[in-house]
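We have chain X; now place chain D onto it with these hints.
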Amino acid sequence: MSTLPPASPHAHGGASIARTMRHVQLALLPATLFGFWLFGWPAVHLFVITVGACVLTELVCQRLMRVESSLGDGSAVLTGWLLALSLPPWAPAWIGALGGFIAIAIGKQLFGGLGQNLFNPAMVARVALLVSFPVVMTQWVAPLPMTADGAPGFGEGLQITLASPPAPDAIASASLLGHAKTELSRGVDVLHAIGAATDPLFSWVGSRAGSLGETGAIFLLAGGLYLLATGVIRWHIPLAVLAGLAIPAAIGHALDPAHYLPASAHLLSGAAILGAFFISTDYVTSPNTAFGQLVFGFGIGLLTWIIRSWGGYPEGMAFAVLLLNALTPVIDRYCRPRILGRTYRGAPIDAAAQRGVK
Amino acid sequence: MGFIDRFLRTRKFSRGIHPEDHKRPAADALVRKMPLPERLYVPLLQHVGAPAHAAVAVGDTVQKGQRIAAPQGAISAAIHAPTSGRIVAIGDIVAPHPSGLPVAAITIDSDGRDEWTTLTACADPFALEPAEIGRRVSAAGVVGLGGAAFPSAVKLSGGRDANVDLLIINGGECEPFLSCDDRLMRDRAEEAVDGIAIMLHAAGAREARIGIEDNKPEAIAAMRAAAAGHPKIRVEPVPTRYPMGSEKHLVLALTGLEVPAQGRPADVGVVVHNVATAVAVRDAVRFGRPLVSRLVTVNGACVREPGNVEVLIGTLADEVLEFCGGLRADRGAPARLLMGGPMTGMQVPSLRVPVIKGTGGILVLDADEVGLRTPGPCIRCSTCVRACPVGLLPLEIARRIRAGDLDAAVKFGLKDCIACGCCAYDCPSHIPLVQYFHHAKGELAARDRNKLRNEATKTLAQARAERLERETREKAETAARRKAGPDPQPAPAPRPAGAAAPPAGESA
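Quick note, the sequences are listed as chains X and D, same order. Using the UniProt record's numbering, the final residue of the first sequence is 358, and nothing's skipped along the way. Using the UniProt record's numbering, the final residue of the second sequence is 508, and nothing's skipped along the way.
In isolation and in its complexed conformation, chain X is listed as follows (with noise of 0.2 Å):
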């Protein structure tokens, strides 16, 4: 113990950063089994690789900074593991090796390691992989589970992921979001383009193409719940998302059906849960105000939206992530609490006004 007498309180709560990362990482495994069931052995091999290539490059930077190892607070598994759910199942494995690099050392460490990072480090690997390879990045597989028969076994999957071989015609899909891009770039209007792929249960169970773990909405919004019920996330960001993302939908969708997706494919498809309950809640890139994970969560939403909509790509939360990240000093600059005694200017409150009220 230290010479100085330590400063009240001389008890504490019991939280913990391990324990905040073990409960994400409890509310995943749901949605990353039926991933691996559904892609099968490669994603298996993906998400391991990513995963390892996270603490490989934490390892590996601490040691070079001379820092104490932080890997036992399950930060840096939780950024590969997010990462890993965002990536085309079968894509190979440099990809994930690459991105886990890019994550941790120039998304994390770079800027001072846990708790510094301006912007969320699975998103920046991510974007940086969708933007350096945007062919590798986008070649989906139509669900081939596990236990169907053709899928590639242990080996096979292992030689899909490292010798990354093309993958057959007859296994090549588009996710829904894609699909509906390219059908209205052709001139299809989306009522006809998606047809059947909007049927709920469909899209609820999530046997369609797309990444690793974004399809099964069910099991994400399974876990998204849990980390509510155990206090790890609060409402108001994933809310802010889902609703950012489905009310200008709803509108849209009901101005012109024939462009505009209508709000329950949007919510269902693509990364819409996995972000609102699990990327965009990141501790370390969001406000700290409730007002203020409010605009947060909003503005990814919205932008998501209109990304969709109207940018280049099929997919937006990505994007939209990173920009509301780069917004969070400001909207915690403006939504601040208001303290007691004081308005929110900051001036003491009126005791007379409050004595006359009574």
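Be aware that a few hints might be false.
Stated by the list, open to error - Which residues of chain X face chain D? A partial, calculated answer using Cβ under 7 Å:
| no. | residue |
| --- | --- |
| 1 | A11 |
| 2 | G13 |
| 3 | S16 |
| 4 | I17 |
| 5 | R338 |
| 6 | G341 |
| 7 | R342 |
No lab work stands behind these hints, which were simulated from the structure alone. Heads up, the beta-carbon is just placed ideally off N, CA and C, and yes, glycines get one too.
Relative to the frame of chain X, chain D by itself:
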């Protein structure tokens, strides 16, 4: 932005934390009375304000309740002999404070008889003038027993001047581990209510509300029964939420009124007294009995027989602990020795320090209870923002303090911090936030003192420059007059001081 307030419910006391309370079984054990110690150490400063001035000499014999030190200045409190005996020393002892610095105290050797001095009782306190009640409370050396130890008479008589119409009695006792107020309300409810009635009369308030956290159902029932015959006194259970016992938060919870920043509850027509203070006021006014003892909670995993003990002021904490069976052998070395509760109490270097009027607890905590761990980096999770009952951004303030930018920390509300400890208690990274705030407040105080000193120097230098200039001018004028011979015109009046003073900034 009132609509946001309503939406996010910031107008109510909705923040704060729910610490594990550790109050039972100590709270359920009957109060024990300590046997008379052989020697008592009574510090001269046990209250907020100026230290009392010793009114006895070494070798004097004193009776129990005899005044041994007189108040000095407007905010101070008298001190009385806790038992009968002989004064053996007046001088420094180790302070009941983390610094362990010396503090002036009167040491009394007990004669074992514990004989009271002659006391002036009063059959009907309600016939007394309110000002007279204030005088009697002051003479009895009563201070706030909730921990702050502010002289009660000052607050009581100040109530009339400030037009206070509501008396709030603080039975919140939100600090974990402590149960002395709980025990007092269960055992001496009638006396407490009688004291509250006397205080109502003295403060000139319309009604009294007793706020008790709802984790003390026995106390609520006892106080309700005692207050049944008093239409002006009401018991109001409040939610169990730390820091409910903070004056401003109890006022907010009971009335919805917000005490202005830098203000006092009197600004919104409220005065707050602790429930134990009410009993002390009753003893002082009805029986003329000064404050010489109090209830102290002895608790913590390391204590063999935790409970509440009636202790004479000046008893060494060590002896109180010994009376409670001493330390448990199976718990290893204690992690913390505390005076007061774990959230705001003080770590003391050893327990060879006396119990004073504001001591509510003697705690010996083990490592599990303290939950000490190495601090990690801030992950901006904003747990502290949600915990802060004042509405501050503890993470932002701490960041400014780490960077040495105290002015920015003040802009973020450092001076509004009540050091309740909620932020640090909930911080998942175990960052000692309150320690940062204490440090910064100390730096600020030192800086303010320096500024005052510099200003004083500046004023002196300026005055000197003005004087020199005036003297030179006067000399020149006299010389000029002498040269010109007798002048029919009167000399021009000297210029007002300061108007032509040279800037004297840098030299100071």
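Hints versus structure:
no. : hint : verdict
1   : A11  : holds, 4 Å
2   : G13  : holds, 5 Å
3   : S16  : holds, 5 Å
4   : I17  : holds, 5 Å
5   : R338 : holds, 5 Å
6   : G341 : holds, 4 Å
7   : R342 : holds, 5 Å
This entry satisfies every hint, going by the numbered hints stated previously.
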